Amino acid sequence: AQTVTQSQPEMSVQEAETVTLSCTYDTSESDYYLFWYKQPPSRQMILVIRQEAYKQQNATENRFSVNFQKAAKSFSLKISDSQLGDAAMYFCASSGSARQLTFGSGTQLTVLP
Amino acid sequence: GAVVSQHPSRVICKSGTSVKIECRSLDFQATTMFWYRQFPKQSLMLMATSNEGSKATYEQGVEKDKFLINHASLTLSTLTVTSAHPEDSSFYICSARTQGVHGYTFGSGTRLTVV
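Those protein sequence lines, which keep their order, are chains A and B.
If you number the first sequence the way our numbering does, the last residue is 115 and the count never jumps.
If you number the second sequence the way our numbering does, the last residue is 498 and the count never jumps.
Quick caveat, the hints were computed from the structure, so don't treat them as lab data.
Treat each hint with caution, since some may be false.
[Stated by the list, open to error] Straight line, CA to CA, 20 Å or less: simulated SDA-like cross-link-like pairs of lysine to any residue:
#, chain 1, residue 1, chain 2, residue 2
1, B, Lys438, A, Ala100
2, A, Lys72, A, Gln58
3, A, Lys80, A, Ala100
4, B, Lys424, A, Thr112
5, B, Lys424, A, Lys72
6, B, Lys424, A, Ile48
7, B, Lys449, B, Ala385
8, B, Lys424, A, Glu12
9, B, Lys424, A, Thr62
Predicted model, so just to flag it, every value in this text is computed and none were measured.
Isolated chain A (complex conformation) (with noise of 0.2 Å):
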């Protein structure tokens, strides 16, 4: 089984600052998946970023970058220049043999002008 953890239910960031946002997870698979989704006011799910666990790069995806920790089960979000559209709730989820996804808490993320 497979568990995903965030340990932050709000952040708040300044238009044009730059914020990490925090994942940890669980698994005893070795062929896994990890993907952070953004969840606007409309509920529909919008892909952010999808990191392979056998890349040792970490993906990027214009301003939005990861930092994975592989050993340490870590896969934080960095969202750059942070623009008032970015405010959403924020899920880190991941999908191993089973091909479910498997989703954080989640991280309510507010964009101040």
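Using the hints provided, position chain B relative to the given structure of chain A.
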């Protein structure tokens, strides 16, 4: 890109009635569909996993006779909430595995209110 169309987006029904939620994969074949339930300001909780042509696998604590899942074709999966009660009021989301790439496509969700 892959799109999953979920309908209705919002439904209000009377207690004791049944409600059907549909998820259609528009431009790909969804061999596996996941159904989630989400309460306000909480995470997504997996209810069941359905595979085309076979019975759904329900998570512990989910009543399979209450939440009927049908995945009769590669492009359509349905969730029927039978004999709905106010405690079934929630946000329901489907998600399909995207073939070829280890990814998932989510429907836009259904807000169910039972009065």
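Inset, instruction - Against the earlier hints, flag every one the structure doesn't satisfy and list their numbers going up. - result: Per hint list: 3, 5, 7, 9 violated.
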